[in-house]
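For the protein sequence lines, the chains are A and B, in the order given. Per our numbering, the very first residue in the first sequence carries number 1; after that it's consecutive. Per our numbering, the very first residue in the second sequence carries number 1; after that it's consecutive.
Just to be clear, a hint being listed does not mean it is correct.
[To be verified] Partial list, computed: chain B residues near chain A (C-beta under 8 Å):
#	residue
1	30
2	46
3	63
4	133
[Said to hold, decoys possible] Here chain B is said to cover these stretches of chain A; the calculated rule only asks that three of the stretch's residues, wherever they fall, bring their Cβ under 8 Å from a Cβ of chain B:
#	segment
5	380–386
6	523–529
Since the hints were made in silico from the structure, they are not lab data. From the three backbone atoms N, C-alpha and C, an ideal C-beta is built for every residue, glycine too.
Residues per chain are reported as follows:
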Amino acid sequence: MKASNKYWRERLVERTSPHLVKELDVYESEISLKKQGKIDDKIFAETRLRRGSYGQRYDNGQRHDGRTTRQIEYPSGELTKGPSTLFDAPGMQRIKIPFGGLNADQLDTLAELAEEYSDGIAHVTTRQDIQLHFVHIEDTPTIMRRLAAVGITTREACGNTIRNVTGCHLAGVCQTQVFDVTPHAKACSRFLLGHPDTQDFGRKFKISFSGCKDQACALARLNDIGCIAAVREADGKLKRGFEVYVGGGLGTVPYQARLFEEFVPEEEILPLAQAIGLVFARLGERKNRNTARLKFLVNKLGMEEFKRLVLEERANLPYEDAWTSYLKDIDTAGEEPLKSPSLVQISGAQPKSFKQWYRTNVYEQRQNGYATITITLPLGDITATQLRKVADLARTYVKDTVRTTIEQNIVLRWVSGADVAAVYAELDAVGLAAPGAGTIVDIASCPGTDTCKLGIASSRGLSGELRTRIIARGMELEEAIRGLHIKISGCFNSCGQHHVADLGFYGVSRNKNGYTVPHFQVVLGGQWGENAGAYGLAIGAVPSKRIPETVDRITGRYIAERLEGESFQTFIKRIGKAECKKMIDDLTQVPPHDVDPSFYTDWADAREFTTGDLGVGECAGEVVSPFEFQITACEREAFEAQLSLEAGDTGNAARLAYGAMLNGAAALLRSRMVTAGSPDEIVALFRTHFYDTQLFFDPFTGGKFAHYFFRAHERAGEKRSAESVHRLIEETQLFIEACHSCYGKSLQQMVAV
Amino acid sequence: MPAAVMEIEHVNIKIFAKEPVEADLAGAIPMFHRWIQESVTPELLVDVADYRHVPSGPGVLLVGHEANYSLDLGGNRLGLLYNRKTAFPGEAVEKFKQAYDAAMQACALVEADPAFQGKLKFDLKHFELIVNDRLLAPNTDETWEALKPEIEKFCQAQFGGAFGLRREGGPRERFRVVIESDAPVNAR
Numbered sequence: 001m002k003a004s005n006k007y008w009r010e011r012l013v014e015r016t017s018p019h020l021v022k023e024l025d026v027y028e029s030e031i032s033l034k035k036q037g038k039i040d041d042k043i044f045a046e047t048r049l050r051r052g053s054y055g056q057r058y059d060n061g062q063r064h065d066g067r068t069t070r071q072i073e074y075p076s077g078e079l080t081k082g083p084s085t086l087f088d089a090p091g092m093q094r095i096k097i098p099f100g101g102l103n104a105d106q107l108d109t110l111a112e113l114a115e116e117y118s119d120g121i122a123h124v125t126t127r128q129d130i131q132l133h134f135v136h137i138e139d140t141p142t143i144m145r146r147l148a149a150v151g152i153t154t155r156e157a158c159g160n161t162i163r164n165v166t167g168c169h170l171a172g173v174c175q176t177q178v179f180d181v182t183p184h185a186k187a188c189s190r191f192l193l194g195h196p197d198t199q200d201f202g203r204k205f206k207i208s209f210s211g212c213k214d215q216a217c218a219l220a221r222l223n224d225i226g227c228i229a230a231v232r233e234a235d236g237k238l239k240r241g242f243e244v245y246v247g248g249g250l251g252t253v254p255y256q257a258r259l260f261e262e263f264v265p266e267e268e269i270l271p272l273a274q275a276i277g278l279v280f281a282r283l284g285e286r287k288n289r290n291t292a293r294l295k296f297l298v299n300k301l302g303m304e305e306f307k308r309l310v311l312e313e314r315a316n317l318p319y320e321d322a323w324t325s326y327l328k329d330i331d332t333a334g335e336e337p338l339k340s341p342s343l344v345q346i347s348g349a350q351p352k353s354f355k356q357w358y359r360t361n362v363y364e365q366r367q368n369g370y371a372t373i374t375i376t377l378p379l380g381d382i383t384a385t386q387l388r389k390v391a392d393l394a395r396t397y398v399k400d401t402v403r404t405t406i407e408q409n410i411v412l413r414w415v416s417g418a419d420v421a422a423v424y425a426e427l428d429a430v431g432l433a434a435p436g437a438g439t440i441v442d443i444a445s446c447p448g449t450d451t452c453k454l455g456i457a458s459s460r461g462l463s464g465e466l467r468t469r470i471i472a473r474g475m476e477l478e479e480a481i482r483g484l485h486i487k488i489s490g491c492f493n494s495c496g497q498h499h500v501a502d503l504g505f506y507g508v509s510r511n512k513n514g515y516t517v518p519h520f521q522v523v524l525g526g527q528w529g530e531n532a533g534a535y536g537l538a539i540g541a542v543p544s545k546r547i548p549e550t551v552d553r554i555t556g557r558y559i560a561e562r563l564e565g566e567s568f569q570t571f572i573k574r575i576g577k578a579e580c581k582k583m584i585d586d587l588t589q590v591p592p593h594d595v596d597p598s599f600y601t602d603w604a605d606a607r608e609f610t611t612g613d614l615g616v617g618e619c620a621g622e623v624v625s626p627f628e629f630q631i632t633a634c635e636r637e638a639f640e641a642q643l644s645l646e647a648g649d650t651g652n653a654a655r656l657a658y659g660a661m662l663n664g665a666a667a668l669l670r671s672r673m674v675t676a677g678s679p680d681e682i683v684a685l686f687r688t689h690f691y692d693t694q695l696f697f698d699p700f701t702g703g704k705f706a707h708y709f710f711r712a713h714e715r716a717g718e719k720r721s722a723e724s725v726h727r728l729i730e731e732t733q734l735f736i737e738a739c740h741s742c743y744g745k746s747l748q749q750m751v752a753v
Numbered sequence: 001m002p003a004a005v006m007e008i009e010h011v012n013i014k015i016f017a018k019e020p021v022e023a024d025l026a027g028a029i030p031m032f033h034r035w036i037q038e039s040v041t042p043e044l045l046v047d048v049a050d051y052r053h054v055p056s057g058p059g060v061l062l063v064g065h066e067a068n069y070s071l072d073l074g075g076n077r078l079g080l081l082y083n084r085k086t087a088f089p090g091e092a093v094e095k096f097k098q099a100y101d102a103a104m105q106a107c108a109l110v111e112a113d114p115a116f117q118g119k120l121k122f123d124l125k126h127f128e129l130i131v132n133d134r135l136l137a138p139n140t141d142e143t144w145e146a147l148k149p150e151i152e153k154f155c156q157a158q159f160g161g162a163f164g165l166r167r168e169g170g171p172r173e174r175f176r177v178v179i180e181s182d183a184p185v186n187a188r
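Using the sequences provided together with the hints, build the complete structure.
If you want it as structure tokens, here you go:
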């Protein structure tokens with residue numbers, strides 16, 4: 001904790017709204033009371049989460065150091081800041097940046113905070129937030145005071161609240177936009193922040209604004225509410241509004257948002273969001289957080305009933321001025337340039353590196369003579385020094401503002417064409433002129449095992465490795481694959497948005513040769529464009545260390561066999577999932593530990609992957625256990641379900657997916673010497689042996705994956721839509737992953753005994 | 001309550017590597033994990049963070065409770081950075097000494113590590129001293145006037161009379177002084 005924390009309040013009180021000063025005073029008092037043991041763990045946890053202060057990996061005080069699991073003996077001992085979360089353990093501070101909009105003073109402050117309270121790095125997230133890692137809880141009130149003084153709040157950055165409202169980073173300057181959605185995103189963020197109607201959700205709630213339908217800048221279809229700009233002609237005039245989608249979300253099982261209304265007039269968008277929030281608060285699941293997102297409610301009620309309830313709620317809302325007050329100045333609210341327009345100067349004298357960068361990182365705005373420059377941030381990371389440089393550039397070349405992007409970059413908008421080369425030179429001086437924005441090298445990744453409590457495999461380690469390899473190939477890289485998107489999540493929770501990538505990966509583990517080996521599921525068939533137009537499905541798990549080869553093989557095949565003008569997504573669809581799987585089958589093999597121990601560690605982590613937790617006991621010989629054989633068969637069945645779905649045979653796909661679950665459960669039972677015959681018997685015995693005992697439970701999601709199985713059993717034989725079968729297959733894959741995990745835990749217990 | 005520069009905490013010391021550097025920073029990852037396994041420093045060590053992908057960034061970072069250690073690439077120059085995060089008792093000069101000694105000991109460990117042996121050497125007489133607190137120690141003439149005698153006292157004890165001090169950076173940066181000496185280092 002900083003000695004200066006006690007002075008910051010006084011220093012900033014004049015520059016902060018009294019309301020915020022009071023709010024942060026209360027928060028600071030709550031931390032003191034927590035230290036004195038006067039606040040309940042759960043209540044304090046929600047208090048800090050609602051202010052964006054998260055826990056981080058190892059905050060339960062345990063860490064496997066590569067040899068053994070050790071206690072981390074913090075000075076404050078057993079004192080906690082939430083259930084199983086030690087007070088002194090470093091945490092993460094999430095900072096909400098609505099629609100990614102930042103000004104130069106805010107950039108300077110973020111730089112200061114990264115240096116003084118974190119590790120010198122600010123991390124841009126896939127929701128346009130900024131995150132600081134390794135932060136001490138007692139520094140968080142001062143961090144919030146310093147942010148509040150420059151107009152940033154961390155309020156409702158986490159917890160069961162409305163998260164950062166995202167928006168196209170090109171809004172206002174985009175060639176293809178219908179109109180500039182910035183004022184709407186900003187107003188929505190302000191209106192719903194702290195609104196009494198949005199404080200009682202059972203789960204988080206995400207909103208995005210997109211300026212057009214075809215691009216992906218705001219990924220409208222993976223949000224709880226996705227608003228896509230639209231216009232309608234009425235009385236001879238064009239009227240602004242939005243095509244509204246609801247109930248989208250990634251997470252363990254992704255749902256694409258469904259059309260709620262083709263056209264909602266702009267003056268109705270805020271009250272509609274409020275009404276949706278009210279229905280969600282009233283009817284959303286509250287006990288089981290695994291089914292508490294809006295997507296489950298929409299699915300449960302059906303769109304027709306959901307819409308009826310929302311419109312009924314809307315009709316009863318008392319009028320609020322904020323619904324429309326921002327619209328009065330909307331035509332003059334847009335950003336303006338600092339300098340006069342001019343053409344970009346490109347000459348033979350400019351270095352090759354400039355031309356490469358120009359090709360991928362400079363976007364010609366709809367306003368002639370201006371460009372938007374993308375500053376590519378590797379893995380979303382930027383140093384304090386670089387942040388200050390970006391602040392300088394914002395002051396010198398544009399009118400003070402920049403935006404973060406959902407691809408974890410920063411854009412400088414309204415750069416006069418004549419200044420593009422100068423901006424490049426200044427960026428290059430601080431290592432920020434890397435080319436490749438929006439290309440295969442611009443890999444998005446969640447924090448994964450680096451800092452996230454839920455991470456299974458090292459998504460950032462893999463991203464770094466892939467990035468290095470792709471950059472090394474540089475201009476040799478085939479044009480056809482340059483534009484592909486790679487997205488990586490450390491686990492099935494999808495924070496890296498792997499479902500909507502051309503090549504998506506999410507971290508899993510496998511028990512091989514008596515060790516736990518980091519793997520990634522390979523996800524193909526996703527679509528980044530059209531606001532996340534399609535979600536991919538996993539085709540198989542490959543050891544982490546073979547993912548680079550997997551990328552080379554899949555992209556190589558595409559280069560070699562694509563038809564003229566054929567997109568990657570179409571190519572994957574054409575050759576089919578079976579062929580895709582065949583392509584990677586040999587890569588799924590793991591060599592024995594004594595042949596190549598590197599497979600048993602993760603990228604950028606020298607520790608042997610959980611071997612200390614598992615140990616090498618009598619169950620860990622070279623012999624493949626019956627469970628492993630059976631679970632492999634389940635994976636095959638799940639994959640065959642995908643093939644059936646692909647072929648349009650939804651009935652067979654559902655049957656195969658459900659069968660894979662049944663066989664997975666039976667395999668687990670057999671590993672306990674329990675045999676079962678009929679499906680009813682398997683379900684009953686599975687419930688007794690694995691659900692009631694909580695052996696099947698995941699530490700964070702509890703019995704969620706078992707519920708997938710129970711629900712599939714209840715619905716066995718029922719006619720399902722293609723969308724529902726798609727979801728069932730996702731659930732089957734997750735159930736199988738949970739079987740792997742449960743079996744691994746059983747082995748550990750046997751070793752311990 | 002007025003802020004007082006003499007209340008400073010959070011002293012950082014970055015000891016620069018001698019050029020040319022031939023080592024691959026990847027070796028720092030297993031090295032820092034070993035430091036955690038073997039508890040080689042007085043601080044409680046927590047985890048390792050890999051920032052090699054960030055140009056002029058923190059390099060490879062060993063996160064601790066009381067302090068972080070890193071093979072840092074800030075300013076586009078490799079060095080061993082000791083970043084004190086919790087209070088250390090005593091006068092300013094004692095805080096400088098504690099941070100310098102910790103950094104120096106870490107340099108010795110790095111130089112002896114199989115990944116860096118013969119490939120990475122540190123210049124113990126060429127380093128930066130940073131106060132990581134803009135409120136108590138803004139990078140101003142006033143702070144410089146207040147802290148310079150304390151830094152000189154520390155350098156005097158460490159190197160004798162032969163040393164040079166140079167304040168660096170702009171007002172938005174943290175208070176930072178580059179220290180160079182030709183004299184032998186007193187303690188290792």
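Tested hints:
no., hint, in the structure
1, 30, "holds (4 Å)"
2, 46, "holds (6 Å)"
3, 63, "holds (5 Å)"
4, 133, "holds (5 Å)"
5, 380–386, "holds (count 5)"
6, 523–529, "violated (count 0)"
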